[in-house]
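Chain S is fixed; fit chain W onto it per the hints.
Chains S and W, in that order, give the protein sequences.
Per the numbering used here, the very first residue in the first sequence carries number 1; after that it's consecutive.
Per the numbering used here, the very first residue in the second sequence carries number 1; after that it's consecutive.
To be clear, the hints were calculated from the coordinates, so they are not data collected in a lab.
Some hints could be false.
[What the hints assert, rightly or not] Short, incomplete list of chain W residues facing chain S, as computed with Cβ under 8 Å:
1. Ile167
2. Asp315
3. Ser383
[Claimed, not checked] Pairwise CB distance ranges (calculated):
4. Arg292(W) - Glu18(S): 31 to 37 Å
5. Lys131(W) - Gly17(S): 30 to 36 Å
6. Arg292(W) - Glu71(S): 29 to 35 Å
7. Val186(W) - Lys87(S): 50 to 56 Å
8. Glu71(S) - Val186(W): 37 to 43 Å
9. Gly17(S) - Val186(W): 37 to 43 Å
10. Lys87(S) - Lys234(W): 37 to 43 Å
11. Lys3(W) - Met7(S): 19 to 25 Å
12. Gln120(S) - Asp366(W): 46 to 52 Å
13. Gln120(S) - Gly342(W): 35 to 41 Å
14. Met7(S) - Arg115(W): 53 to 59 Å
15. Arg290(W) - Val101(S): 36 to 42 Å
16. Pro344(W) - Asn46(S): 42 to 48 Å
17. His169(W) - Asp94(S): 44 to 50 Å
[Stated by the list, open to error] Per the computed footprint, the stretches of chain S lying under chain W, defined by three or more beta-carbons under 8 Å from a beta-carbon of chain W, are:
18. 11-19
19. 24-36
20. 51-57
Glycine is no exception: its CB is placed at the ideal position from the N, C-alpha and C atoms.
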Amino acid sequence: MYSEKVMDHFQNPRNMGEIENASGVGTVGNAKCGDIMRMYLDIDDNGIIQDVKFKTFGCGAAVATSSMATELVKGKNIQEALQVTNKAVMEALDGLPPVKVHCSLLAEEAIHAALWDYAQKHGIEIEGLKKPKSDIHEGEEDETEEY
Amino acid sequence: MGKLIYLDNAATTKTSPTVLEAMLPYFSENYGNASSIYSIGAKSKEAISQGRAAIAKVLGAAENEIYFTAGGSESDNWALKATAEAYANKGKHIITSKIEHHAILHTCEYLEKQRGYEVSYIDVDENGVIKLDELKKAIRPDTILISVMFANNEIGTIQPIKEIGEIAHEHGILFHTDAVQAFGQVPINVDELHIDMLSSSAHKINGPKGIGFLYIRKGVKIRSFIHGGAQERKRRAGTENVPGIVGYGKAAEEAAATMQERTAKEAQLRDYLIDRILKEIPYTRLNGDRTRRLPNNANFSFQFIEGESLLIMLDMEGICGSSGSACTSGSLDPSHVLLAIGLPHEIAHGSLRLTLGADTTKEDLDFTIEKIKGIVERLRGMSPLYEDFIKKSGKN
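Excised from the complex, chain S in its bound form (with noise of 0.2 Å):
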């Protein structure tokens, strides 16, 4: 059901551990409904992300997008982490299956956290980034069953 990307990120995940005193750390999900990610920025004075590290509670498709978005993001600047979109997380993996969808938003909005983070350490604020959702399945509902 996944693809080989999917996969090679999945049992061989890029950037996954720690940075200790990062510049921004961003937490999204809830073990509720079985996917938290965590990515920590290590950001230099100009502005460019010099080192991202990830971890994550989740399903193959939840690591494997975590994987992909820190290496989207790596040595960036701010306004370009800002341009890496669920859809440019999906695209790099060659797709995800429809119901994992949501761990590329998932991905997106732990960049977002992580940088959030950033601004609110450093007194700054960031064009174009609104506060993130700690929870992307707000709102969402099972699909009902038809009769």
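Coordinates of chain W only, in the frame set by chain S:
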């Protein structure tokens, strides 16, 4: 990848070679329609009759109380919908449990929403055993049916079927049981247990897929579910699945003949698996009753990790298992069974069900246990929940 270690026998089983062999002639030379009068038709008719007799014998039922269907889900649908219709004059109330298979739960939902029936869903305790006092209290004058599964497909808990049967019997209420996981695994006698209807499916007992039966006690007036020809005493139309019935009869015969020895061996291996996993992997629990469980079922929750990741990693090692995580159920919620026994969502997401088969060996389990240990450790290393837990416990 080396050998395949198949530990998902509650999902389906391998068709046994002797069952397959028995079936094959009914695809090739003996292909006649059992309703025809010429000799190859008569051969099919005879084969169906033998299959039916074999199954009836296992249950202590009469042959004309066994009705073949396409599987467990059809049998469940039939039992509920047809009883609801046939006994609507008496009332429109049904009692079931919270941990039934979806073939029961979704049929109940349909009856509630589309047909105006009321359904009471009885709670289970922390081991998944139905609360009999609640069941008794739920009985009303207009209750027409109690449907409680014989043994749970996820956590393996075996229900107090005899007690439920007696309660139903005393109150003059029909009792149906979904025995898809139990038939061939535990002894069942429909008279001793006061069972009026029972659903079963061949592919869970090394028989073929696409064939099941509904046992309907003589005198229970439920109607046809599939209208058409006169097959199955006019209660289930459609040309009989002759190879399937032959295979089912053979599989039932084999399951009954080997039951004692096979299930004793499976239970011993199951206990070995459970003991080692609980002892060797911290923050792990067993789901379901420790002793009142199917001989081949083990179900664990590993804290801080998610089931689908675990399954994919096991698959890479050639090990097949299943999980109650939301990601494997295709919805946002984890298994309704694990939630019903009181597990918090995050622990329900980290569940793993391993179900043994007749050919499972201790070596298979040793290999599996070692792999699970490594995978759980690896996934915990990636888990923010585990990170938080370790940091929190370090501070205390």
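Status of each hint after checking the structure:
1. Ile167: violated, 30 Å
2. Asp315: Violated - the Cβ of Asp315(W) stays beyond 8 Å from chain S, reaching only about 10 Å at its closest.
3. Ser383: holds, 4 Å
4. Arg292(W) - Glu18(S): 31 to 37 Å: violated, 44 Å
5. Lys131(W) - Gly17(S): 30 to 36 Å: violated, 46 Å
6. Arg292(W) - Glu71(S): 29 to 35 Å: violated, 50 Å
7. Val186(W) - Lys87(S): 50 to 56 Å: holds, 52 Å
8. Glu71(S) - Val186(W): 37 to 43 Å: violated, 52 Å
9. Gly17(S) - Val186(W): 37 to 43 Å: Taking Cβ atoms as reference, Gly17(S) and Val186(W) lie about 48 Å apart, which means the hint is violated.
10. Lys87(S) - Lys234(W): 37 to 43 Å: violated, 57 Å
11. Lys3(W) - Met7(S): 19 to 25 Å: holds, 21 Å
12. Gln120(S) - Asp366(W): 46 to 52 Å: At 51 Å between Cβs, range holds.
13. Gln120(S) - Gly342(W): 35 to 41 Å: Holds, at about 38 Å.
14. Met7(S) - Arg115(W): 53 to 59 Å: violated, 45 Å
15. Arg290(W) - Val101(S): 36 to 42 Å: Because 40 Å falls inside the window, the suggested range holds.
16. Pro344(W) - Asn46(S): 42 to 48 Å: holds, 44 Å
17. His169(W) - Asp94(S): 44 to 50 Å: Distance hint for His169(W), Asp94(S) is violated at roughly 59 Å.
18. 11-19: holds (count 4)
19. 24-36: holds (count 7)
20. 51-57: Coverage by chain W holds for the segment 51-57 of chain S (3 residues, Cβ < 8 Å).
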